[in-house]
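Undergrad: These are the residues of each chain, in order.
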Amino acid sequence: MNAMFYLLAAITLAGGLATVLLKHLVHSALAVTVAFAGLALMFLQLDAQFAGFAQILVYIGAVAILIVFAILLTRGADLPKHGVFSRTWPLGLVIAAGVFAVLGWAVISSAGAIPQQNASPSVTVHDIGIALVGRYVLPLEILALLLTAATIGAVIVAMHEKERPGS
Amino acid sequence: MIATSAAANPFFMNLDQIFVLLRNWLVGFLPVALRPAAGVVLAVIAIVCVFPGLFALTTVFERKGLGRIQNRLGPNRVGPFGFFQPIADGIKSLTKEDIVPFSANAVVHFLAPLVLVVTVFMGFAVLPMGRNMVLVDMDSGLLFFFAMGAATELSVFMAGWSSRNKYSVLGAMRAVAQMISYEVVLLLSSVAVVMITGSLSLPRIVEAQNQYSGIFPHWYIFTPWGLAAFLMYAIAATAETNRSPFDLPEGESELVAGYHTEYSGFKFALFFLGEYLAMFSISGLGATLFLGGWSAPFSFLQFVPSWIWFFGKVMLSIFVFIWMRGTLPRLRQDQLMNFAWKFVLPFTLLNLLVTALWRFMGEGWQRWVVCTIILAAAYIVMGRLGMSGRHIGRRSYRYAE
Numbered sequence: 037m038n039a040m041f042y043l044l045a046a047i048t049l050a051g052g053l054a055t056v057l058l059k060h061l062v063h064s065a066l067a068v069t070v071a072f073a074g075l076a077l078m079f080l081q082l083d084a085q086f087a088g089f090a091q092i093l094v095y096i097g098a099v100a101i102l103i104v105f106a107i108l109l110t111r112g113a114d115l116p117k118h119g120v121f122s123r124t125w126p127l128g129l130v131i132a133a134g135v136f137a138v139l140g141w142a143v144i145s146s147a148g149a150i151p152q153q154n155a156s157p158s159v160t161v162h163d164i165g166i167a168l169v170g171r172y173v174l175p176l177e178i179l180a181l182l183l184t185a186a187t188i189g190a191v192i193v194a195m196h197e198k199e200r201p202g203s
Numbered sequence: 099m100i101a102t103s104a105a106a107n108p109f110f111m112n113l114d115q116i117f118v119l120l121r122n123w124l125v126g127f128l129p130v131a132l133r134p135a136a137g138v139v140l141a142v143i144a145i146v147c148v149f150p151g152l153f154a155l156t157t158v159f160e161r162k163g164l165g166r167i168q169n170r171l172g173p174n175r176v177g178p179f180g181f182f183q184p185i186a187d188g189i190k191s192l193t194k195e196d197i198v199p200f201s202a203n204a205v206v207h208f209l210a211p212l213v214l215v216v217t218v219f220m221g222f223a224v225l226p227m228g229r230n231m232v233l234v235d236m237d238s239g240l241l242f243f244f245a246m247g248a249a250t251e252l253s254v255f256m257a258g259w260s261s262r263n264k265y266s267v268l269g270a271m272r273a274v275a276q277m278i279s280y281e282v283v284l285l286l287s288s289v290a291v292v293m294i295t296g297s298l299s300l301p302r303i304v305e306a307q308n309q310y311s312g313i314f315p316h317w318y319i320f321t322p323w324g325l326a327a328f329l330m331y332a333i334a335a336t337a338e339t340n341r342s343p344f345d346l347p348e349g350e351s352e353l354v355a356g357y358h359t360e361y362s363g364f365k366f367a368l369f370f371l372g373e374y375l376a377m378f379s380i381s382g383l384g385a386t387l388f389l390g391g392w393s394a395p396f397s398f399l400q401f402v403p404s405w406i407w408f409f410g411k412v413m414l415s416i417f418v419f420i421w422m423r424g425t426l427p428r429l430r431q432d433q434l435m436n437f438a439w440k441f442v443l444p445f446t447l448l449n450l451l452v453t454a455l456w457r458f459m460g461e462g463w464q465r466w467v468v469c470t471i472i473l474a475a476a477y478i479v480m481g482r483l484g485m486s487g488r489h490i491g492r493r494s495y496r497y498a499e
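For the protein sequence lines, the chains are A and B, in the order given.
Oh and the first sequence: position 100 is 136 in our numbering, straight run, nothing missing.
Oh and the second sequence: position 344 is 442 in our numbering, straight run, nothing missing.
Just so you know, these hints were derived from the structure itself, not from any lab.
Honestly, I wouldn't trust all of these hints.
Derived list of chain B stretches under chain A, where covered just means 3 residues or more per stretch with a C-beta under 8 Å from a C-beta of chain A [claimed, not checked]: (1) 253 to 262; (2) 373 to 385.
Distance ranges between label pairs, derived from CB positions [unchecked claim]: (3) L124(B) to I166(A): 40 to 50 Å; (4) N174(B) to H162(A): 29 to 39 Å; (5) A454(B) to L179(A): 15 to 25 Å; (6) T193(B) to L49(A): 33 to 43 Å; (7) A454(B) to Y172(A): 18 to 28 Å.
Rough simulated footprint, nothing fancy, chain B against chain A, three-plus residues with beta-carbon under 8 Å [what the hints assert, rightly or not]: (8) 86 to 99; (9) 135 to 144.
We treat Cβ as the ideally placed atom computed from N, Cα and C, and that holds for glycine.
Take the sequences, apply the hints, and build the full model.
TA: In structure tokens form, the structure reads like this:
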């Protein structure tokens, strides 16, 4: 825990807060990108190069772009007149607090399950690759199947509907 | 090796390492504690100076070359043969009024060109520009390069959306859709190289190609899978940098200037700079992955400094970019997307399988024959299928005959 960590944590938190507090949807999308970038830098700071770059590639390069595309292609980026905040926000707060509590409990209780390591492990891309096609090959294949199904689903959704003879 | 005597000559060895030696000499004046940081700062300064300088040169060469192709003179008023034109352009863009549209989103409008230039410059950090000349030798350098490339898309969207102009938004949507489609191809064609080298580190990839059989180098472009991957990479790189024939996002006849319509003065110059820097970095990566990076094309030319080969290869690719711009007409949006998803992507995926086959067939002539036949057959079949049902007759001229 050094100054760098607190700086990155501040950036990430500011990005996250801006995401939920800003009124404009596109601004929120750009703010969530800042939060993603902060997380990526956090991974890099922990010497997890692969995770950090994958975070940038996937979250900033794909997820953020997907979000802005969805905003622009659906209801437009203009502000609605009656305000953007839902009236049931206290309920949302309770749910968020509950999720955070479960996550925090899981992280804290897992600290005892993992043996203490003094030296930081050096994980290279090579190691990750070997692990992915070795020990974790089944989850990888299941993910690949899921993504293929999602792709086919997207194509079917986007396909032109054929004229039915009756209608 | 034939050229060992020439390459081992101390003069040529020093010339090869001249920038490294220069940096070490300069850093030597500082206390030891500051030396590593100062070395990095010097290298960054060098990158930040050299590539915009190349950009200035390239604008003149491009305008001269296009003029030559179009049978006119090109810039010829400022300085000898118009070579001081970029200086005049630079002064003009610095002194021009910076106009921000009234309804524009000022903060995002201001940030967009900065995000573009910064992320593009970051890509240069992992490119090996000569022997021992790489700013950061990362274990996953290729991934870093693509991560930075992905971040530029967001700046294009920011520019288009914040301008509050329909041409800007349309241009940005086109640009982002195009960049996403071709980025997949760009990544997958590079994966072939990673599969053979077994490393994501760019210096390692260059070293793997810096070997010679007789006088010929082991560049990946001289293998069937490498040639196929290089062609797909070149197509994707052209689309990724929005260059002709894939310059729809800036199609002047339809969109004024695309996502940077509402930019003027120095911010426009930054976009211009960012696009050319992206061309340099993507050509540099292409040279590193397929053309042996800084290694010499023949073993007897190894005495020539490595950085000359790297920059020579980059400038050669820039020349090809300019040549294509002067030669090919612009595609239509549907042609662009069909080409990406129905031809380039399947072919690249097939090439990955062929690369794996190449890797596991072992040494020998069989793998050359098998891989070439598979790729050529796939190319012909997919080309025929793509063109079936389309009747293309003789081109008819209305006025030019």
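Undergrad: Looking at the structure, which of the earlier hints fail to hold?
TA: Structure breaks hints 2, 4, 9.
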